[in-house]
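K.L.:
Since each chain comes alone in its own frame, lean on the hints to assemble the complex.
Residue numbers (the working numbering), protein chains in the order written: chain A, 12 to 555; chain B, 76 to 517.
Think of the hints as simulated: they come from the structure by calculation, not from any bench. Hints may be right or wrong, so weigh each one.
[Said to hold, decoys possible] Just some of the chain B residues that point at chain A, by a computed CB distance under 7 Å:
id	residue
1	G121
2	Y439
3	I466
[Said to hold, decoys possible] Taking lysine-lysine and the DSS-like style, the derived pairs with C-alpha atoms no more than 30 Å apart in a straight line are:
id	chain 1	residue 1	chain 2	residue 2
4	B	K400	A	K231
5	B	K345	A	K235
6	A	K553	B	K389
7	A	K292	B	K338
None of the values given here were measured: they were computed from a predicted structure. Every residue gets a Cβ at the ideal spot worked out from N, C-alpha and C, and that includes glycine.
The chain contents come next:
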Amino acid sequence: MGLTGLAAGALFLPAFPSLGGTPVDPARLLEPGLDVAQKKRLADAGLNAARAAGASYADVRIGRYLNQSIFTREKQVQNLASGESFGAGVRVLAGGTWGFAATNNVSEAGLAKAAQLAVQTAKANSKVQKEQVRLAPQKGYGEVSWKTPIQQNAFEVPIAQKVELLLAANAAALANGASFVNSSLFQINEQKYFASTDGSYIDQDVHRIWPTFSVTAIDKATGKFRSRDALSAPMGLGYEYLTPKAADQVAGAAGTGLVGYRNSYDILADAALAAKQVKEKLTAKSVVPGKYDLVLEPNHLGLTIHESVGHPLELDRVLGYEANYAGTSFATLEWKAKGLPYGSKVVNIVADKLQPGSLGAVGYDDEGVKTKRWDLIKEGRLVDYEKIRDQAHIVGQTESDGCCYADSWDSVQFQRMPNVSLQPGKAKLSVDELIKNVDKGIYIAGRGSYSIDQQRYNFQFGGQVFYAIEKGKITEMLEDVAYQANTQEFWNSCAATCDESDYRLFGSFFDGKGQPSQASAVSHGSATTRFNGVNVINTARKIG
Amino acid sequence: MLSKDDAQTILKKVLSFSTADECDATLNGNTGGNVRSARNSISTAGANDNISLAVESRFGKRSGVATCNEFDEATLRRCVQRAEEIARLAPESPEYMPLLGPQTYLDGGRAFAAATAAITPDYRAAQIGASMALCDQKKLSSAAFLNDSVGFVAKRNSKGLEAYQQVSNVTFSVTVRTPDGTGSGYASGDYIDAAKMDAARFTKIAADKAASSVKARAIEPGKYTVILEPNALLSNVDTSLLGALMQSLDARNADEGRSFLSKKGGGNRKGEKLFDERVTIYSDPLNPDISDLTFSGDGRPQQRTTWIEKGVVKNLYSTRFWAQKAGIPDLPRPNGWVMEGGTQSTADLIKSTAKGILVTRLWYIRPVDPQTLLFTGLTRDGTFYIENGAIKFPVKNFRFNESPVIMLNNLEAIGKPVRLNGNLVPPLKIRDFTFTSLSDAV
Chain A
12 MGLTGLAAGA
22 LFLPAFPSLG
32 GTPVDPARLL
42 EPGLDVAQKK
52 RLADAGLNAA
62 RAAGASYADV
72 RIGRYLNQSI
82 FTREKQVQNL
92 ASGESFGAGV
102 RVLAGGTWGF
112 AATNNVSEAG
122 LAKAAQLAVQ
132 TAKANSKVQK
142 EQVRLAPQKG
152 YGEVSWKTPI
162 QQNAFEVPIA
172 QKVELLLAAN
182 AAALANGASF
192 VNSSLFQINE
202 QKYFASTDGS
212 YIDQDVHRIW
222 PTFSVTAIDK
232 ATGKFRSRDA
242 LSAPMGLGYE
252 YLTPKAADQV
262 AGAAGTGLVG
272 YRNSYDILAD
282 AALAAKQVKE
292 KLTAKSVVPG
302 KYDLVLEPNH
312 LGLTIHESVG
322 HPLELDRVLG
332 YEANYAGTSF
342 ATLEWKAKGL
352 PYGSKVVNIV
362 ADKLQPGSLG
372 AVGYDDEGVK
382 TKRWDLIKEG
392 RLVDYEKIRD
402 QAHIVGQTES
412 DGCCYADSWD
422 SVQFQRMPNV
432 SLQPGKAKLS
442 VDELIKNVDK
452 GIYIAGRGSY
462 SIDQQRYNFQ
472 FGGQVFYAIE
482 KGKITEMLED
492 VAYQANTQEF
502 WNSCAATCDE
512 SDYRLFGSFF
522 DGKGQPSQAS
532 AVSHGSATTR
542 FNGVNVINTA
552 RKIG
Chain B
76 MLSKDDAQTI
86 LKKVLSFSTA
96 DECDATLNGN
106 TGGNVRSARN
116 SISTAGANDN
126 ISLAVESRFG
136 KRSGVATCNE
146 FDEATLRRCV
156 QRAEEIARLA
166 PESPEYMPLL
176 GPQTYLDGGR
186 AFAAATAAIT
196 PDYRAAQIGA
206 SMALCDQKKL
216 SSAAFLNDSV
226 GFVAKRNSKG
236 LEAYQQVSNV
246 TFSVTVRTPD
256 GTGSGYASGD
266 YIDAAKMDAA
276 RFTKIAADKA
286 ASSVKARAIE
296 PGKYTVILEP
306 NALLSNVDTS
316 LLGALMQSLD
326 ARNADEGRSF
336 LSKKGGGNRK
346 GEKLFDERVT
356 IYSDPLNPDI
366 SDLTFSGDGR
376 PQQRTTWIEK
386 GVVKNLYSTR
396 FWAQKAGIPD
406 LPRPNGWVME
416 GGTQSTADLI
426 KSTAKGILVT
436 RLWYIRPVDP
446 QTLLFTGLTR
456 DGTFYIENGA
466 IKFPVKNFRF
476 NESPVIMLNN
486 LEAIGKPVRL
496 NGNLVPPLKI
506 RDFTFTSLSD
516 AV
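Here chain B stands alone, though its shape is the one from the complex (with noise of 0.2 Å):
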């Protein structure tokens, strides 16, 4: 890790050095460490420790980038040099952009915790270890992944824009088995501040998925009222249907006929309402549980922008060439978001439930058509019947074929959002969930 004087003091010399038309220099750094576990047991462990400088010299249209990760001052002014020599190789950019001058980013978040900076492999020999004991007391089989990571990011450019900023992050995941394999549970957790994690939590709620998931009944696929936790509607890890339909808000898409947002005739579906009236999403990078960084990799400001609001598209975002070009606002897509929610719990949510399915998670999504924003998938770790407002019995596995523009018109219920992978997500519950077929995965 680099202070800001320090990584500020390398980017000034770097820029000293350039002799192209115009400089750009990043600072990147990045310190941490994972363990992995499978059957109750450590299977892999690793660490990591990287800061490196990136530059990106352009003459005119013509642009070339070099790194390097020694920051003497011969290093530097070679790395300079050589991004200057791919520059003029380069050819033109019909997309050219200058450089940003210097910008005003928002101040205050809390994006990085000391706690975090602090882990050591014994750190995580422990949280690991505390989750594999609550197994192996439960006779039951685990397998889990803690990740760890602190960095910063610090810009400057020969147009005057300076940024720097600290992150830290620290995630778990837990899937819990019966020995026989016919239950799994499942569970994750991420924070800013390592001090707020607790893989045994994790552990304990994936545990009680598990063991009450055995002896799945298989109940006809077709459509259901569905309550999708967190986890079943965002992934880290996979393609998932709210990180999807946030990943289609780009206006260039919209704008050349091929999204889910393009208007018949052309043009864009920017201002219409296309969901529930009490879906909205924005994004904050200063919301206390999921401060991120205020500028994004061109050194925009990133700030709170309403992405949908009351069901109506309100924002597209695009890179500055688009935006120009189209004459739109310039925004950068988000880091994390946030969708509005209310006070419910998933239990409260099921209590209010005559008949529907409780889905703990979905799993290998994937496109199918881009025109509707049509998903395939499996529900996975535990799904289970709900009757009458009380969970009944846990049902077999599921292939979904749905629509998150779909799900997100047949909104009945919004529960409480939670951190999830530096997002605010809630459950919520979904009337007519299309599952097409059955799986006998466990």
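This is chain A alone, in the form it adopts within the complex (with noise of 0.2 Å):
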């Protein structure tokens, strides 16, 4: 759902997207935060106010949230942010009834105050409640720790350096024809400590990094303008991501002159390409609509197995949870059970929290459940949900799924996407073999307009950009594209897969959800794929 969670202050502050928080010297995410003995000390003063209170359980997260982003546009950087959030946040089950407060005092007072107000919360709320709070089991697992196995902390690269990478995108797209370039450079580390009445004490240190750009042509005889985003993929990965590797590059179709990446980015090879590429679209066919064989590379099919696989799949969404916001789902407990087709049997869809460099990789979830893999759609056939430990029980399991996630400490945590992925094909099939067989399609490349209904059927999706397929072979630049499409009716049109040497991850950033919206990133893997007979539209339309 796009960026959310901005700070409450940005308003009042340089105007651009903030990652909120407090705005720190750079300097401050290299200091240590609070000790593990601080944190457990602090934590049990919550926990134990909360019992005494008369909650049934309680958990707490103390969590410092640190983050930095750099714009910039051209020649020039446009805004530098560092910042950090710190504080706790402490729910409770009373009287049946989750509560939940937080409070930036992280003190032993502090935290018994935020969970005395959780349960006046709880028990205030009880009694309107119907529906009682049902937990699966977990067992504590004491004191435990996990981190992001990154190669390089963004932050100890000097800020100069990483400006100077962008500057370097920024003209490397404007050497190549550019009119305008933006660019930017998002940097995540949460350091989460949770613990809870079940005896778990897990410390995590997580980190995520997003390079990203998007570069603008302009044709001002016609007054036509047309922009190309960066192919980077948000990742769990550390600043190791922006030194690029010849083994992490895959070469997209033969003609277009792409190239994927895994687990290192070249910014600057993308630039140039990114500016190359948006003049051709200032001029590139407008399509035709019609049906089209669709060939999807993994950096635009992310986003469309996001929308039409991962929330639909997500369990509250299902159970009516997210009725008032984000949606409901087609995917019902009674769908499942007629065992409908949700694709063809070439379509194996997983669910993956420990996933090397994806975005949703962590130990343990915001509710002390240690993750896991699992299958969602095997050949086809719907397996399994998205779920956490207060709705194991409703699909007759005894254990989460470890999706629990909250975006700050004082966020009340609750069911996330976990990274959602297709397998790639077992045959050996590279992109140039798939696309031989295709007579009349479309090659899409990168994400673009996205839009489905709030139960997942119906979805429309752009790209950043689009080449027709003739006969087999790539033979020239389309624009206007987007093809709409039926859930179950796409992924039943899922035709072939290309093997595991084209596999590699897309990203979600800023996923939305929730009330109050919460923000959470999450990957999607995938190799390039193919679905028969789309239905294309042409979007380009004339106003006065």
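P.N.:
Here it is, written out as structure tokens:
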């Protein structure tokens, strides 16, 4: 749902998207937070106060959320912001009802007061409550820890070096004919401590990074303008993502010049290519609407997976908990029981909170459940959902899937999407071999316009670049392309997917859900995949 | 909440610690809470209470910002020092503008109500409890969200600018569904004053829409006359057609050639008639229904400003830097705005419609082509076929591909504006609205 969860104070700070938190000196991002013994003592103060106030269960999250964002355009830095947000949230069950309160007074007294307020809120709401919360049992893990296995903490890299890289990318775009270029780098470090009355004390250090840009070309004579965004993916990696390695690069379809990126990204090469492509977009042929076989590369297909598989299989949506905001789902428990095909036999989709380099990888979720990998769709059939502790019993299961997340210490944790990925084909198949058999098709790369209904039936997607495929070959660039489909028809039209050598991750850095809305980050892996006979519309219009 | 005097006392102290060329200090306070329900049961609830100080220090064209949320003398001094340290290390801004001096702000708005500041967890439980009870009675399932906040903003800078204002807001939204999932309705409302909030009233509207939207029939997508209710035109949780139009009135994007307001060959289309002559949109921070802050984040006054008048683009907003560079009026982006309308209710618009579709709400609206301001999205939570001035039957939801620019040229009628998300928005009757496919979603 786009960029959400902006800082409440952003209105009075420089006018750029803020990752939240208190503006701090960049050096502050490298200072250590509280040590584990201090956090345990504070958490225990919250847990004890919650128990004393009458909670049957309580968890405390002490969070230090660090971020840095850099924005540039053409030859100048527009904004640099380093942020820190530190505080604690206490969630309790009292009278069978959830209560939550947060405080930035991270002291034993502050934690105890928040715990008491959470219990007071739970008790007030339990008076009008009818459905008691039931938690799947969860053993305590004792004192454990987990870290994103990064090679270089992005905060350790001097800002001047990061600015230099973004400005070099801008220069590469301008040198290749771009009219304008905006580039940015987002870096996040969540230092999270979780403790619960189940006996878990979990210390985690989570890192994410996203370099991106948008290149614009303008034809002044006609007034036409087009843009092409970066083909990077936000990743659960450190700054090593910005040191390109040849082994991480995968060639796109022959004739397009496109390159796919795995665990490292060449922002300079992509910016130069983007400038060349955006100029080509100004004069590209407007698509003839109709049915086409679509060949979708991973940096595009990731968002289609996110919207048409990841979201409909969130059990809170299925059950109606998101009905007033994001919506519900066609994939109800009744629908699943019918055993209808979600997709064709080649569609195997897994949820995976362990996947290295992914945005959703953590050791434990935000309610103290160890993470795992599980099947969602096997050979086209829906086999499972995405769940947390208070939902498992509803589908007759006894354990959570470890999908609970809160975007800040002052947000209440709830069910969020894990990494959801289409498995690559087992038979050897390259992109060019896949295209070879397409008679009339379109090859689409990059994340573009996206929209899907509140039950995840009808969607429409655009992309960054589009190429016509005729008789097995890429022939020319197209413009004004969007495809509309129904989720089940679309996945049932899935004809083939390339092998593992083409597999890579796409990511969504700011996925919005919940009220108040919270952002989460999640990855989606796939290899280039073919879908037959999809309806393509022409999006060109004229205004006066 | 800090009073004006208490806030300005802190800000004066902050400025007294400054050694920078320029210093700007802003105090921002917010207290509130929320409760959320689903399946006629409470799902989550939360509360927040925060006051923070942001200090911006400047040395020449270098600027640094630091914040704190404790206000003893030592903390304030450290905060100013940190802002100055960050400023010294910052690159020079090529778009530097000196801080504003003393400003005159409009007075007399009513953006704050004591009743909203007095909200308790019990008030929230009672409001959402009444909503859930109504749905229980009718054997319908509801999901709802009540959110309230009161806050203040206080500013002071080394050039003599001084500002203070309090604001409050309470919002409620509810989606009601039939137990078999074949009907769905939505309603929402928001006020400055919590005394006006009646969650059950909105729940009844959503419940009626849910009950009357079952057994929806499929009709062919295509171009239809539509009546778009205010919730179909504006949203505070999604992109919206009128919201996106107002977000697009940025002078720099237009001047740089990357807006629907850019002119072939350069420049922008301010002064051109781009919409039906009945379209007039203005902002007014003193409007009693949508009173809001009378100053912007950088201290510029928010004044009554006409953005579109009788279909003509009258003004574009910009940053102070761009206003100076382009030599245009220095207008900040407005908060709330008013689209002028008539006296007709949605029911009146239905009565005058021979054939058409009533749309409660549009959803998942995303830009498709910024060149034409084309958006796509879907109808949701109550879509009905109208014939001979009456609703005949519910219809399945549609996907649309439409531009608000085209839409506001195909205007048939404008109804009476109502408050929505801090704006005044009328229902609109539009001809030839483009639905491109059907959706099975309810």
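K.L.:
Against this structure, judge whether each hint is valid.
P.N.:
Hints versus structure:
1. Interface restraint check for G121 of chain B: the shortest CB-CB distance to chain A comes to about 5 Å, inside 7 Å, so the restraint holds.
2. Here the hint on Y439 of chain B is kept, as its CB sits about 5 Å from the closest CB of chain A, short of 7 Å.
3. Taking 7 Å as the C-beta cut-off, the interface hint given for I466 of chain B is violated, the closest approach to chain A being about 22 Å.
4. Restraint check: the Cα-Cα separation between K400 of chain B and K231 of chain A comes to about 20 Å, which is no more than 30 Å; the hinted pair holds.
5. Taken as a hint, the K345 of chain B and K235 of chain A pair is honoured in the structure, with Cα atoms around 18 Å apart against an allowance of 30 Å.
6. Annotation: proposed proximity of K553 of chain A to K389 of chain B holds, straight-line Cα distance about 22 Å (limit 30 Å).
7. Between K292 of chain A and K338 of chain B the CA atoms are separated by roughly 20 Å; this keeps the pair inside 30 Å, and the hint holds.
In summary, the one numbered hint that this structure violates is 3.
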